[in-house]
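Number of protein chains: 6
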Amino acid sequence: MEKRGIGKIALLLSLGDGDIESLQKYYENKNYIIYRGQAGSMDSKKIIAAIETAASREDIIRENYHEEHALYHAIIEALSGYCRGQVLLGEVLRSAGLTFTIVRGTLVEDEPSSGNWIAVVLYGQIGSPRRGFEHEAIGMGIQPI
Amino acid sequence: MEKRGIGKIALLLSLGDGDIESLQKYYENKNYIIYRGQAGSMDSKKIIAAIETAASREDIIRENYHEEHALYHAIIEALSGYCRGQVLLGEVLRSAGLTFTIVRGTLVEDEPSSGNWIAVVLYGQIGSPRRGFEHEAIGMGIQPI
Amino acid sequence: MEKRGIGKIALLLSLGDGDIESLQKYYENKNYIIYRGQAGSMDSKKIIAAIETAASREDIIRENYHEEHALYHAIIEALSGYCRGQVLLGEVLRSAGLTFTIVRGTLVEDEPSSGNWIAVVLYGQIGSPRRGFEHEAIGMGIQPI
Amino acid sequence: MEKRGIGKIALLLSLGDGDIESLQKYYENKNYIIYRGQAGSMDSKKIIAAIETAASREDIIRENYHEEHALYHAIIEALSGYCRGQVLLGEVLRSAGLTFTIVRGTLVEDEPSSGNWIAVVLYGQIGSPRRGFEHEAIGMGIQPI
Amino acid sequence: MEKRGIGKIALLLSLGDGDIESLQKYYENKNYIIYRGQAGSMDSKKIIAAIETAASREDIIRENYHEEHALYHAIIEALSGYCRGQVLLGEVLRSAGLTFTIVRGTLVEDEPSSGNWIAVVLYGQIGSPRRGFEHEAIGMGIQPI
Amino acid sequence: MEKRGIGKIALLLSLGDGDIESLQKYYENKNYIIYRGQAGSMDSKKIIAAIETAASREDIIRENYHEEHALYHAIIEALSGYCRGQVLLGEVLRSAGLTFTIVRGTLVEDEPSSGNWIAVVLYGQIGSPRRGFEHEAIGMGIQPI
Ligand SMILES: [Mg+2]
Ligand SMILES: [Mg+2]
Ligand SMILES: [Mg+2]
Ligand SMILES: [Mg+2]
Ligand SMILES: [Mg+2]
Ligand SMILES: [Mg+2]
Chain A
1 MEKRGIGKIA
11 LLLSLGDGDI
21 ESLQKYYENK
31 NYIIYRGQAG
41 SMDSKKIIAA
51 IETAASREDI
61 IRENYHEEHA
71 LYHAIIEALS
81 GYCRGQVLLG
91 EVLRSAGLTF
101 TIVRGTLVED
111 EPSSGNWIAV
121 VLYGQIGSPR
131 RGFEHEAIGM
141 GIQPI
Chain B
1 MEKRGIGKIA
11 LLLSLGDGDI
21 ESLQKYYENK
31 NYIIYRGQAG
41 SMDSKKIIAA
51 IETAASREDI
61 IRENYHEEHA
71 LYHAIIEALS
81 GYCRGQVLLG
91 EVLRSAGLTF
101 TIVRGTLVED
111 EPSSGNWIAV
121 VLYGQIGSPR
131 RGFEHEAIGM
141 GIQPI
Chain C
1 MEKRGIGKIA
11 LLLSLGDGDI
21 ESLQKYYENK
31 NYIIYRGQAG
41 SMDSKKIIAA
51 IETAASREDI
61 IRENYHEEHA
71 LYHAIIEALS
81 GYCRGQVLLG
91 EVLRSAGLTF
101 TIVRGTLVED
111 EPSSGNWIAV
121 VLYGQIGSPR
131 RGFEHEAIGM
141 GIQPI
Chain D
1 MEKRGIGKIA
11 LLLSLGDGDI
21 ESLQKYYENK
31 NYIIYRGQAG
41 SMDSKKIIAA
51 IETAASREDI
61 IRENYHEEHA
71 LYHAIIEALS
81 GYCRGQVLLG
91 EVLRSAGLTF
101 TIVRGTLVED
111 EPSSGNWIAV
121 VLYGQIGSPR
131 RGFEHEAIGM
141 GIQPI
Chain E
1 MEKRGIGKIA
11 LLLSLGDGDI
21 ESLQKYYENK
31 NYIIYRGQAG
41 SMDSKKIIAA
51 IETAASREDI
61 IRENYHEEHA
71 LYHAIIEALS
81 GYCRGQVLLG
91 EVLRSAGLTF
101 TIVRGTLVED
111 EPSSGNWIAV
121 VLYGQIGSPR
131 RGFEHEAIGM
141 GIQPI
Chain F
1 MEKRGIGKIA
11 LLLSLGDGDI
21 ESLQKYYENK
31 NYIIYRGQAG
41 SMDSKKIIAA
51 IETAASREDI
61 IRENYHEEHA
71 LYHAIIEALS
81 GYCRGQVLLG
91 EVLRSAGLTF
101 TIVRGTLVED
111 EPSSGNWIAV
121 VLYGQIGSPR
131 RGFEHEAIGM
141 GIQPI
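Protein chains in written order, with my numbering: chain A, 1 to 145; chain B, 1 to 145; chain C, 1 to 145; chain D, 1 to 145; chain E, 1 to 145; chain F, 1 to 145.
Errors might be hidden in some of the hints.
Note that the list lumps identical chains together, so a pair holds whenever it fits in one copy or between two copies.
Result set (SDA-like, lysine to any residue): computed pairs, CA atoms no more than 20 Å apart in a straight line [to be verified]:
| hint | residue 1 | residue 2 |
| --- | --- | --- |
| 1 | K30 | S114 |
| 2 | K45 | E28 |
| 3 | K3 | T99 |
| 4 | K46 | E109 |
| 5 | K30 | D110 |
| 6 | K45 | S128 |
| 7 | K46 | V92 |
| 8 | K25 | D110 |
| 9 | K45 | G97 |
| 10 | K45 | S95 |
| 11 | K30 | E111 |
| 12 | K30 | I60 |
| 13 | K3 | G132 |
| 14 | K46 | Y32 |
| 15 | K45 | E21 |
| 16 | K3 | I20 |
| 17 | K25 | K46 |
Just so you know, the hints here were simulated from the structure itself, not pulled from any lab data.
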């Protein structure tokens, strides 16, 4: 099997399809730090805050600006992909309900020389704040840490 | 099992992980039209052209502007997510090598009332035009058709 | 006389110059569905909501996501043109007072084969929230429906 | 009749609908300087150059940077509205064929105190470089001069 | 010594390094109008309002739309540079604390023929709303006035 | 004297005003790595390449993707600030002639705990490709390394 990149690991976990728990354990045993959570809001800063809070609480990043900066930029890139351009939700009358996945570890599995990176994936629904009037969206940001 | 959305179907196929052929057949039997191809360039218009050409050749879209417009906007949204903001590759000295997946069918599987949509997913590498100096990226666009 | 496109029809109605009522009737007799309304706010989501509400109430779009999605994207494109880039009003201390025009019908008049489309035009003033310190702006979005 | 703004004057002339020549003369007699031309390209800089060249040749702007800067920013705002976001044509495999209209004069007709401004309107078609696979677009930029 | 541009004058004053007061006086004697103030917020419109208020109160711009428009666009360009792309602060959970500098005068010192321009420079910190988790940022906008 | 941030160090060196050589030596003695170069083009990728090449040749970054990625994102942020929004030069018929400054060292001078960062500052002229029809611009990107 081809070696997976940190992005693919985060994407597979995000999609939550198949035996996710085994997959998560498999990569935790390879020293990846992994967290999956949920966030939903018309307010983009609440989604960002939910991810940052989870990353701190779960010790995915250490309490220094260097690492917080890497996480923040990964989140913003993921959100930019999710929004497909302008990072706006409620301001343009739309809402997001999503699963976020944070993965920290080597850029490529079993390649320590690829260095330590952090990947953030957002996968869920985006649309009008009215049930059924929404479609799926995805975004991913990857930063060295 | 939860019903999958057209986006998740396209994403799982894009990641090319596990038994993709069975998955593709499974959804083709449910009347989804599916195509996976490869494109790599510093020139974003070549990537767009490769996807448009494949969609026409494989009869995923009919030869009318209505459908071509839906496909085009899905591609641009996917590319915007892949680039995380500005749809620029060579202009900012970066290159993309990716798998594109086009899926046409109902927004949610087994829900004919959800209508016909087209999803385009781009998954691959983005980075400097120098092997190993790149990381993964993903983008998805979904449009009614 | 050259056949007009749906965009020109919406633009002429937006400018509200000359005998608008005759023009509107002329195109309603050709099966175009037309609505003109007013909106003014520093809050972009209020402008979007005003247009969406009018479109539903006036039965310009049917109650399904397919059509709501087409309308939404047409509105966002129009707003993006009106704002000339970032879809921000109050966030950058500016306000908009505008007429919105929604037109649904064939892409080109008297050409049924051009398919059904929806055009949204915003025309009005944009500027500082202080009378006289504003200039005109326009934006148009067109989507298949 | 309500006094028209410089934007509306430029828009009416752009749409080229009705007795444009009389309208142009009417406003030239009110000291507006007006020019209408055509440009078509997948290359945005060619469209910008066509407008700048026409403005210089027709003496709409004087040969100084102050005025050239006002014109340039008006063009870019118009192009940004026309493209609805990113100012990209060929880079995203699309082409524009348009009429550009440049109007210089007071911000509001018969109101000398409103000062001198320049308006640029682009109106035409945007789409794939294939006849019939395109829809209308509009953009307007207004700057003090 | 090379003649300085209005941008460099504003930048040197912004950095607040060395004998700023002498520098300010030196350029005020050359008929530049200069103001330096502070603003800090997660709300971009408050920063814009602080600069506009200061410019009016200090008589850097006259009470007409022509000049207010030039100032506004210079501020937005400066803010866009400061934010490096999307003009968003609190919406993406970040805060700015900055010195703003407004300079009005000729584009190049001692060159009256270069015309009158206004430069706005923002220099300060941007980051998470938590002390020490921020880095420096700069932005400058220049407009004819 | 207040401790300077890495951004201010890079900015002061960029402005090239006063005794730059002493300033550069002063910070080199504090273990900052500094390089100043020139680039001019209508082609943004040439400017990026000039900076990347200089950074490699001068050993400001090590030959690994971790560091190259930090540099690249710092450059893009600087260019985005310089362009005030869309990272486009020739595509929108404008040209840049600038000094670039790369500084690597602690985020704040004499504060080793602030970690290692890289700052890129671009300062110069932007405008039409015609001498004298240009104004100053600045942009800065800062990334952990
Ligand atoms: Mg940052
Ligand atoms: Mg379109
Ligand atoms: Mg959508
Ligand atoms: Mg300018
Ligand atoms: Mg304006
Ligand atoms: Mg990257």
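Going through the hints against the structure:
| no. | hint | result |
| --- | --- | --- |
| 1 | K30 x S114 | within (14 Å within a copy, 30 Å between copies) |
| 2 | K45 x E28 | neither (29 Å within a copy, 40 Å between copies) |
| 3 | K3 x T99 | between (25 Å within a copy, 17 Å between copies) |
| 4 | K46 x E109 | neither (32 Å within a copy, 31 Å between copies) |
| 5 | K30 x D110 | within (8 Å within a copy, 38 Å between copies) |
| 6 | K45 x S128 | both (18 Å within a copy, 11 Å between copies) |
| 7 | K46 x V92 | both (16 Å within a copy, 9 Å between copies) |
| 8 | K25 x D110 | within (15 Å within a copy, 32 Å between copies) |
| 9 | K45 x G97 | both (13 Å within a copy, 18 Å between copies) |
| 10 | K45 x S95 | both (12 Å within a copy, 12 Å between copies) |
| 11 | K30 x E111 | within (11 Å within a copy, 35 Å between copies) |
| 12 | K30 x I60 | within (15 Å within a copy, 32 Å between copies) |
| 13 | K3 x G132 | between (38 Å within a copy, 14 Å between copies) |
| 14 | K46 x Y32 | neither (26 Å within a copy, 36 Å between copies) |
| 15 | K45 x E21 | neither (29 Å within a copy, 40 Å between copies) |
| 16 | K3 x I20 | both (18 Å within a copy, 17 Å between copies) |
| 17 | K25 x K46 | neither (29 Å within a copy, 40 Å between copies) |
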